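Participant: Sequence:
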Amino acid sequence: MKNELLRLTSIWTVENNSMLKGADFRICRGESVGLIGGFHSGKRLLMEIVAGTCIPSKGYRFLYGKPVGWGATDGMPKVKHLKKNFGLIGSMKIWENIATYSGEERQFPRIFSPKSMQEKVEHMMAVYGIRADVKTPVDKLTAIQKFAAALMKARLEGVELVLVEDSELEYSVSGFRLMEKLLCLCRDQGMSVMFSGIDMGGFAPLLDRVCLIDAGRIIWEEQAGENFSNKSIFSYGTISAKLNIPVKRLPVDLSCRPSVRIDGAHFSISGKTGEFLLLLEPEPEPGDIFLEPDIHAAFISETERGKRQKLRIRQIDFTYFGGLVKWMSPADNLAFGLSEKTGRFGIVKPHLKRYILKEFVKWTGEEKYLEMRDCESLVIGERIKIAAFRLKLERPDVVVFRHYQLLDQDSREIVLQVFSELLGKGTVLAGISALDNFFDFADGYFLMTGGMCSERMDYPTIRSVLGKE
Numbered sequence: 001m002k003n004e005l006l007r008l009t010s011i012w013t014v015e016n017n018s019m020l021k022g023a024d025f026r027i028c029r030g031e032s033v034g035l036i037g038g039f040h041s042g043k044r045l046l047m048e049i050v051a052g053t054c055i056p057s058k059g060y061r062f063l064y065g066k067p068v069g070w071g072a073t074d075g076m077p078k079v080k081h082l083k084k085n086f087g088l089i090g091s092m093k094i095w096e097n098i099a100t101y102s103g104e105e106r107q108f109p110r111i112f113s114p115k116s117m118q119e120k121v122e123h124m125m126a127v128y129g130i131r132a133d134v135k136t137p138v139d140k141l142t143a144i145q146k147f148a149a150a151l152m153k154a155r156l157e158g159v160e161l162v163l164v165e166d167s168e169l170e171y172s173v174s175g176f177r178l179m180e181k182l183l184c185l186c187r188d189q190g191m192s193v194m195f196s197g198i199d200m201g202g203f204a205p206l207l208d209r210v211c212l213i214d215a216g217r218i219i220w221e222e223q224a225g226e227n228f229s230n231k232s233i234f235s236y237g238t239i240s241a242k243l244n245i246p247v248k249r250l251p252v253d254l255s256c257r258p259s260v261r262i263d264g265a266h267f268s269i270s271g272k273t274g275e276f277l278l279l280l281e282p283e284p285e286p287g288d289i290f291l292e293p294d295i296h297a298a299f300i301s302e303t304e305r306g307k308r309q310k311l312r313i314r315q316i317d318f319t320y321f322g323g324l325v326k327w328m329s330p331a332d333n334l335a336f337g338l339s340e341k342t343g344r345f346g347i348v349k350p351h352l353k354r355y356i357l358k359e360f361v362k363w364t365g366e367e368k369y370l371e372m373r374d375c376e377s378l379v380i381g382e383r384i385k386i387a388a389f390r391l392k393l394e395r396p397d398v399v400v401f402r403h404y405q406l407l408d409q410d411s412r413e414i415v416l417q418v419f420s421e422l423l424g425k426g427t428v429l430a431g432i433s434a435l436d437n438f439f440d441f442a443d444g445y446f447l448m449t450g451g452m453c454s455e456r457m458d459y460p461t462i463r464s465v466l467g468k469e
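Anchor point for the sequence shown: position 135 equals 135 in our numbering, and the numbering is continuous, going up by one each time.
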């Protein structure tokens, strides 16, 4: 193929618990490919062979369409394998990480000039869509911002193929627009990107191709880019009413329920227990919707407090809602963080873990979780089921959540089921959203503009304020 960068044919090899059994793989210049597969399916082994750090026992390699032996080093494409922290040093600033690149042609002056370097890196960051100060330590960046910085460095080093293995990008979809921009830049520059993970998460529609590996062979692949155009629901310029949060609930008289005030760094809102409140940001900054580092909640009237002295608050960013500890069992993950409610001295007793697991199995109707010793093979949807059931068990007094619209449809239905139960038991739900097209599904609405929060409004009023009438 004229545009082909690398092709592997009939690759056989064994390493530890993984093996490849006649695997075939190819990638072209400027192409972004996702390699998905379960535990010990051969993903990492194939990535190492692509990187050139592992030589298979059998198989053939073609570079730029020509056969090349495994011992050859001349004319090899430059490959960069991004592993932990995307190859960046967390304690160093963004400009320091990028300015220390190694390349044949130096674009930065040899004489150390921090000011000049920072200016050049700042310009590159604007091109790559990183909204952060050049002096920000890498550890302060989001996963997608770290990936962008790593791509910048790879570009300066003349890398032709970037390998991204088992990263937190797999479970992050809040940076969809930034990832879309980054992959477009890679295509324009002729840089290829290969991702590896159990699930490509929300980024799959942006890839040119997705390959499924199982038992050491590529058993299926699909041209993902052809199936998701700019007119899809993932195009942020055309967010539709499908991203509403229509929580179902039983008719309840809220007038007799206690009132609760929720205070954050940027807002102060109030509502009744069992109410669903929505905070709207019509024009949020690109990237993450505003974050609240510290939120407090309390009953407004002292007489309404009763015996409860403190309201339990849970903040949820659905970007990372499916996160869990891979090496722990489903039972341990379900009980994780519930020790204050279910155990003493931070310990949940084994019989209680078994009970929680059985209830979870009954809730999902899937008995496979009873025999699982770890959660390595679980995909995003299964992880979200565990997280949602844990929220159901936790039953906080207040839930403040954001990025709900980035869940897939099946995950939304799971979350809505739990939200409905929580509302019925008196939990206050406060959603933070940037939706510009929504139905009347909340009990009260608040508008965030210029860092200030409005008074509570009903649906017709906020529609009028937003100019939707």
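Source of the hints: derived by calculation from the structure; they are not laboratory data.
Only a predicted model underlies this, so the values are computations on that prediction, with no experimental measurement involved.
It is possible that some hints are incorrect.
[As the list claims (entries may be wrong)] With a Cα cut of at most 20 angstroms, we get these calculated DMTMM-like pairs of lysine to aspartate or glutamate:
1. Lys58 with Glu96
2. Lys362 with Glu394
3. Lys392 with Glu376
4. Lys83 with Glu15
5. Lys78 with Glu15
Participant: Hints first: check each against the structure and report whether it holds.
Facilitator: Status of each hint after checking the structure:
| no. | hint | in the structure |
| --- | --- | --- |
| 1 | Lys58 with Glu96 | violated, 42 angstroms |
| 2 | Lys362 with Glu394 | holds, 18 angstroms |
| 3 | Lys392 with Glu376 | violated, 23 angstroms |
| 4 | Lys83 with Glu15 | holds, 19 angstroms |
| 5 | Lys78 with Glu15 | violated, 24 angstroms |
Violated hints for the displayed structure, listed by number in ascending order: 1, 3, 5.
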